Every structure is written in structure tokens, then in C-alpha cells.
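Here the sequence shown stands for residues 18 to 253, where the numbers follow our numbering.
The set of hints was computed from the structure by calculation and includes no laboratory data. As the structure is a prediction and not an experimental result, all values here were calculated from the model. Just so you know, even glycine gets a beta-carbon here, dropped at the ideal spot from N, CA and C. Where hints are given, some of them may not hold.
Now the in silico label distances, taken between C-beta atoms and shown as ranges [to be verified]: (1) Ser52 with Gly226: 36 to 44 Å; (2) Thr121 with Asn27: 19 to 27 Å; (3) Ala141 with Thr44: 17 to 25 Å.
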Amino acid sequence: MSTPEPRPGNKTQLVYDYVMERIVDGTFAAGDQLSIVKIAEESGVSLIPTREALRRLESEGMVEFMFHRGVRVSELTIDEYREIMQTEAVLEGLAVGMAAPLLTDEDLRRARAVNAQMNEALLAGDFRAYNQGSLEFHGILRAPCPNNHLREMLDRGQQRIAAVRASVVGYRGSVAQRLSDEHEHLIDRIAAKASPAEIEQLMRAHREGTIAADSEGLRRTNERSGHDHPIAKELA
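Given only the sequences and the hints, what does the whole structure look like? Please build it.
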């Protein structure tokens, strides 16, 4: 029995997921030119759903169509970066505060395990794995949030943040240790049944603190590559 062809909407989603994954993991870096034809070939779909997927990514700020120059991965300005980070800090604080009473012991065990894996990734110099772990860690803590719209907003914003971090060499040991300690403290307070208001403030402060950490990582990237990352240059 032959496998049915995916419906057009599914094909668009397939291409969307394909491109988004590669932006988030750094395969497609900020400023990279994307070939619509090549993406269609690699995804195994036609040009129409490929364009539809890229237009959707454009509406989310992940790519931009250039007049007579095709499509490229979007580059965040310093103002856009700060605005996203500030917004994420407020929204994720709220989401995790709402989710905290609903998190199970198994959820917290998973969060601790992911945090440990993130530490191992940093020790191994695998910042890509660290970024993926960060997405998973924060995803676990906000997953039970009963506000679906809030979770969807956070998912979109964190994909853009992950795309920026994909180009970063890594954090220095002291910075990485601070972020790890904050993760553990947050889990401890959730396990101790701290109030949603306290959890909200802890998560918000943690997110706000990552702006400086990202800046440090981007500066290290500049030193290694010999040229300025647009965001790091302005944060310096």
C-alpha cells in the first residue's frame, strides 16, 4: 500500500519546521542567503508550499524577502534584541509562575537532568547542545501553564533568541555556573511550593540576567572570528 501524499498544509508545515530548526541550531545563520529552490529540493516539496512556509517565517521575523535578491535569515538589531529579551523576561516569569503549582516531581526531575546535561555540554564546548538544552529546560517549566496564548508567544520569541545564541561561542565558566545555579535554585523553590509570585520574580530576574551573559558570549565570538557580531558590537 502506497503512502499518501501529504496535504498542501502539511507540506508547508514540513518546510517551516525544516527551516526553523536550521535557523535555531545555527545551520542557517543570521544574514545567510537562502535558496528557495534548494530548500524545496531538500524538503522534497514543490516551490509553492516552500514560499508559503518562508512567508510565514517572514511574518514571525525569522527571515526577510529582499527585493530581487531572494530570502535571507533576519538579523536582529540591538533594540529588537533588548525588546525581545525584556518581553520574554516578563512573559516567562508570568508563565512559569502560573505553571509552578502544576509541575510534578517528574517534571522537576527532568528539569534537573536537563540542567546537568547543559553543564556537560558547556564543559565539552558544545554550545549548540547547550542552547537546545536551554530551550528544553524552559519548555519543561512553562509547559503546564494554562494560558495557551502565552505559551505560544513565548515559543515564538525563544526561537528568535535561540537563533542569536546559535552564533555564540559560549559563556565563560563563571557566567555558566551562575546560570546553572539559578536554574537549580528555581527548581528548589518550585519543589518547596514557593508562591507563584516568588517564582515569577525569580524567572524574570534570571531572564533579565541572560542579556549580559549573551553579550559576553557574543564578545567572545567576535574575538574568535575576528569581526563584530552586530548585537555584540552595540552591547559592548
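Tested hints:
Range check, Ser52 to Gly226: Cβ separation about 39 Å, and the 36 to 44 Å hint holds. At about 33 Å, the CB distance of Thr121 to Asn27 disagrees with the hint of 19 to 27 Å. Ala141 and Thr44 have their C-beta atoms about 19 Å apart, which keeps the hinted 17 to 25 Å range intact.
Taken one by one, the earlier hints fail for this structure only at number 2.
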